[in-house]
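Which chain is which? The protein sequence lines are A and V, in order.
Start counting the first sequence at 91; every next residue gets the next number (the working numbering).
Start counting the second sequence at 121; every next residue gets the next number (the working numbering).
Check the hints yourself; a few may be wrong.
Unchecked claim - Sample of chain V residues facing chain A (criterion: CB under 7 Å; computed from the structure):
hint: 1; residue: Arg-211
hint: 2; residue: Ala-215
hint: 3; residue: Leu-216
hint: 4; residue: Arg-219
hint: 5; residue: Pro-233
hint: 6; residue: Gln-234
hint: 7; residue: Phe-241
hint: 8; residue: Ile-436
hint: 9; residue: Gly-437
hint: 10; residue: Glu-440
hint: 11; residue: Ser-441
hint: 12; residue: Gly-487
hint: 13; residue: Glu-488
hint: 14; residue: Gly-489
hint: 15; residue: Val-490
Stated by the list, open to error - Reference listing, derived: stretches of chain A covered by chain V, where coverage requires no fewer than 3 residues with Cβ under 8 Å from a Cβ of chain V:
hint: 16; region: 125 to 133
hint: 17; region: 209 to 215
Said to hold, decoys possible - Negatives, chain V to chain A, calculated, CB over 12 Å:
hint: 18; residue: Arg-245
hint: 19; residue: Val-261
hint: 20; residue: Lys-293
hint: 21; residue: Gly-435
Calculated directly from the structure, the hints in this document are not laboratory data.
Glycine included, C-beta positions come from ideal geometry on N, C-alpha and C.
Chain by chain, the residues run as shown.
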Amino acid sequence: MEDIRKSFHHDLDLIRDDIVRLASMVTEALGKATIALLDGDLQTANEIIQGDDVLDTLSLDIEERCYQLLALQQPMATDLRALVAALRMVAEIERSGDLVSNIMKAARRMYGAELDPKVRGLITRLGQEVHRLFRLSIDAYVDRNDGLAAALDDMDDTVDALHADYIQSIFESHETSAMQLQTAVQLALVGRYYERIADHGVNIAERVRYMVTGWLPEHTGAARLAAQNARSEMLSVAVEVAQGGEEAADGTADGRGA
Amino acid sequence: MSGVAAAALVVALVAVVVLARANRESRVLRSEVHRLRASSTADAASAAACSAGVARLERALEAIPQGVVVCDADGNEVFRNGAAAAFAGARHADALVERAIGDHLSSALAGVPQRRELDLFGPPRRLLVLTSVCLDDGTAVGGAVAVIDDVSERRRLEAVRRDFVANISHELKTPVGALGLLAETIAAEPDGAVNNRLAQRMTGEAFRVARLIDDLLDLSSIEAEETAVHEPVAVHAVVTEAVNRVRPIAESRKIDIDVSGVARRHTLRGDRRQLVSAVGNLLENACKYSDLGSSVEVSSKVQAGWVEITVFDHGIGIPESDLERVFERFYRVDRARSRGTGGTGLGLAIVRHVATNHQGEVQVRSGEGVGSTFTLRLPTGTGAIPSQPLPPPVAGATAVGSPEPPVLAAPSTGTTREEKTA
Numbered sequence: 091m092e093d094i095r096k097s098f099h100h101d102l103d104l105i106r107d108d109i110v111r112l113a114s115m116v117t118e119a120l121g122k123a124t125i126a127l128l129d130g131d132l133q134t135a136n137e138i139i140q141g142d143d144v145l146d147t148l149s150l151d152i153e154e155r156c157y158q159l160l161a162l163q164q165p166m167a168t169d170l171r172a173l174v175a176a177l178r179m180v181a182e183i184e185r186s187g188d189l190v191s192n193i194m195k196a197a198r199r200m201y202g203a204e205l206d207p208k209v210r211g212l213i214t215r216l217g218q219e220v221h222r223l224f225r226l227s228i229d230a231y232v233d234r235n236d237g238l239a240a241a242l243d244d245m246d247d248t249v250d251a252l253h254a255d256y257i258q259s260i261f262e263s264h265e266t267s268a269m270q271l272q273t274a275v276q277l278a279l280v281g282r283y284y285e286r287i288a289d290h291g292v293n294i295a296e297r298v299r300y301m302v303t304g305w306l307p308e309h310t311g312a313a314r315l316a317a318q319n320a321r322s323e324m325l326s327v328a329v330e331v332a333q334g335g336e337e338a339a340d341g342t343a344d345g346r347g348a
Numbered sequence: 121m122s123g124v125a126a127a128a129l130v131v132a133l134v135a136v137v138v139l140a141r142a143n144r145e146s147r148v149l150r151s152e153v154h155r156l157r158a159s160s161t162a163d164a165a166s167a168a169a170c171s172a173g174v175a176r177l178e179r180a181l182e183a184i185p186q187g188v189v190v191c192d193a194d195g196n197e198v199f200r201n202g203a204a205a206a207f208a209g210a211r212h213a214d215a216l217v218e219r220a221i222g223d224h225l226s227s228a229l230a231g232v233p234q235r236r237e238l239d240l241f242g243p244p245r246r247l248l249v250l251t252s253v254c255l256d257d258g259t260a261v262g263g264a265v266a267v268i269d270d271v272s273e274r275r276r277l278e279a280v281r282r283d284f285v286a287n288i289s290h291e292l293k294t295p296v297g298a299l300g301l302l303a304e305t306i307a308a309e310p311d312g313a314v315n316n317r318l319a320q321r322m323t324g325e326a327f328r329v330a331r332l333i334d335d336l337l338d339l340s341s342i343e344a345e346e347t348a349v350h351e352p353v354a355v356h357a358v359v360t361e362a363v364n365r366v367r368p369i370a371e372s373r374k375i376d377i378d379v380s381g382v383a384r385r386h387t388l389r390g391d392r393r394q395l396v397s398a399v400g401n402l403l404e405n406a407c408k409y410s411d412l413g414s415s416v417e418v419s420s421k422v423q424a425g426w427v428e429i430t431v432f433d434h435g436i437g438i439p440e441s442d443l444e445r446v447f448e449r450f451y452r453v454d455r456a457r458s459r460g461t462g463g464t465g466l467g468l469a470i471v472r473h474v475a476t477n478h479q480g481e482v483q484v485r486s487g488e489g490v491g492s493t494f495t496l497r498l499p500t501g502t503g504a505i506p507s508q509p510l511p512p513p514v515a516g517a518t519a520v521g522s523p524e525p526p527v528l529a530a531p532s533t534g535t536t537r538e539e540k541t542a
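Pulled out of the complex, with its shape left as it was, chain V reads as follows:
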């Protein structure tokens, strides 16, 4: 994640440098062109070279991801690159951006360069930073430039990083602090019955820390697993094992887990342990955030080389504004409630990592008070589905379940992994 942020930063820096240089050079070149055109003895060839230079710089401005709008000294627009073109004559949120660009350019011409953030609801929700600078060559104002930069992704990553550190400290500190306090109380408490109760509480808190550490280890091992095992796994076996794992929670909340939608013949290539952990986490959440006595449904389907495992509940749902953040480590929608359920805040992060490890993805749809649907989409892998008649060699390889994946599968996963890390 920090790599992406750093990359974004580098892109921004490069862009700024390019932009600054482009501005300077285009100004120089433009004044050069004017001078040449004005002089009656202008050499046609060098003028042509200059205009070719200007054209090149305009193409460069065209290529950068930020929006750039340039106006002359009278405030007439003389250049607008592709990224800024969408704002011209626009409606809705973009109409407000266009207006802000105009305001910025005129204030820059008046000698007041501006920088302003625009928080737009959209959709899509965006955070734009508008900067305007006056272009003068020391003697006269030659125009102004406004730059529109979309910093939504950068800000999101900053928030993720900031929250992660704050949240992990909090998650570790709470039970450890409680342990300390409980131990102190026990030391000072003569009554055996009270001591007993306190000791039970201590056990509970110790369990919580242990579970948190287990989950963290689980997550880091999944993250670190460069060469995940890719063996043929039956989807229904994964689901059954995951259901067995969450049975105690489901029974205590009288929740019926319906697995009739899981077809018996679907298989995929992957790491069985990880897949069970992912489906188990989805089921655990589904049970925890459903009302007593409600039901959770699991289904699977195969479509064009992808297996989709869907876990559907009728629970409290996830607020719209939290939907995209629920897969972050330790992110909690409602702190009080989720800690009460005994979760560690890592469940969905594990699910997402398992999905990524399998070159798949996890999607969520949710409505508050309606329920949530989590879909784990995983490629079936180059190996084939055993229910279909297969040519002998491949069938032999999959049936024996050799530790070495078939040669066909290895390069394809290898290249995608390299692309991902690159």
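Extracted from the complex, chain A is given alone in its bound form:
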């Protein structure tokens, strides 16, 4: 029995290592993608797009192993949360990888387009900020740091603000200079992809919080709804009580009157 548990924990560790590796592939690709996008580097773009198959294969493999462990070991408490979190995280990371590929596909489509410095500057900053956020979400996972994970939500606000500036600068660039409509649309999509990757980073952080503390952001909403329900229930009870009281009062009054 001891041995089985030992190998189970070993398997859990391997899954964690592979998730870290999967995420590393995405962060690496993400960092390179921003530079390739700005430099119009088609070779790197193609490498990243092809690299997505490796990501898909590894994520499938991790998922499969998670199912096996769930079925064979029937883990509980922390172990169960770690496995469930892993399953959800693999999906988030894999999707982020797809988005990086999408950025590279957009780079291919707008190859040769001249971007003005302001737009380029904002792409650089957006890229850096998203890269940092995604990296930190994995740091939070490896260190089981729920404080850091909680802080990522605020970082996402920075990304959203940058994204808004960026979209505005595309409009300006399109109006003032000769930026083609096709380029403008591709750029807007690229911004969206970055913004989505940051959201996936935040989701990963939420799963980390769940893994460490068992808390999910949805709990806040659920608690709010429950509180609301409880309140309305109490209200109706109160109304009933009040009505009952009135009736009773009427009754006594009647009784007294009678």
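Dock chain V against chain A, hints included.
Using the frame of chain A, we list chain V on its own:
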């Protein structure tokens, strides 16, 4: 620069030799130890000597800059030196390296030695070369070794050298080629008005070559200057002279140069001509890469023995990936644009050399579409700031501005220079 590259190469070669020898010897010693341990008549003293030898070799492997990971025939890791330790249980880019090490070791055990380059974004951005070799003694596989070598710096220097030769040929060939063509056209052109226009173009191209040669001479004289003059120089005087020099460019682009941030009392010891040239080049770039009607700010401050002269613009900025290369000779971020501005591609190289000559440095921060900030950091020198009350002898020396720098300053600059060249 080539010296550094050569040094890096030598280090690499030495490391490889050491490594090869270490591998061979440790194998020999280890098998020796095993043999001795196995035999019942083993001499305890010689066994101890052997294990001391193994320990010494392990320390040697520990000391080399490359990462080394050794595994036994079953693929279990038996040794990992300090440089490779960072990859174990790592995250981000290092996690990918760790995986690659594992793959390399197992493929080497299977008899397929590998060599692969890993281009990592990081940060820090790195280029690692992974090599794995199977360790067999001719009869059986005894394990495998993987070596991780960081070649980023080597590759960077190679690129600098390669680009320099290509760029200088290009910079010289373009105007000279144009001159030839224009002269040919003039010879065949009967129309005087057209000839006039062509001659003007020729003058322009001739100017460009002349400026390029001037800058090259300037740069080589700054590079060659072993005994730079170190006289007390007022920072605001340097800035004023530099501003006067770039005034025509600034006026033509309606750029306002704001020098209100330069304090009047800051001084440093250095070569006035070189310093003016450095600040002038920074200002020229700031003006050229700013939009019409924008502004450039210059400021200075003194902090713990260092003067910082900062030139700040609101121009187009420099892409992140080019930032570390802009100080190279003839390096251009955007070829079409920068040649259009009439620069020679040497301005920032001159700035960096002036900074180095003064035992200082130049730093750059930039965001595309936001602007660039260049900071020239120079030591104030052992001489003192005149605004402060000084003991008579030193004050006398600086006030008179004697050609000989004070004795205090000479040895310190002398030693740093020797250290630099050594």
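When the hints from earlier in the document are held up against this structure, which numbers fail? Those not satisfied are hints 5, 6, 18, 21.
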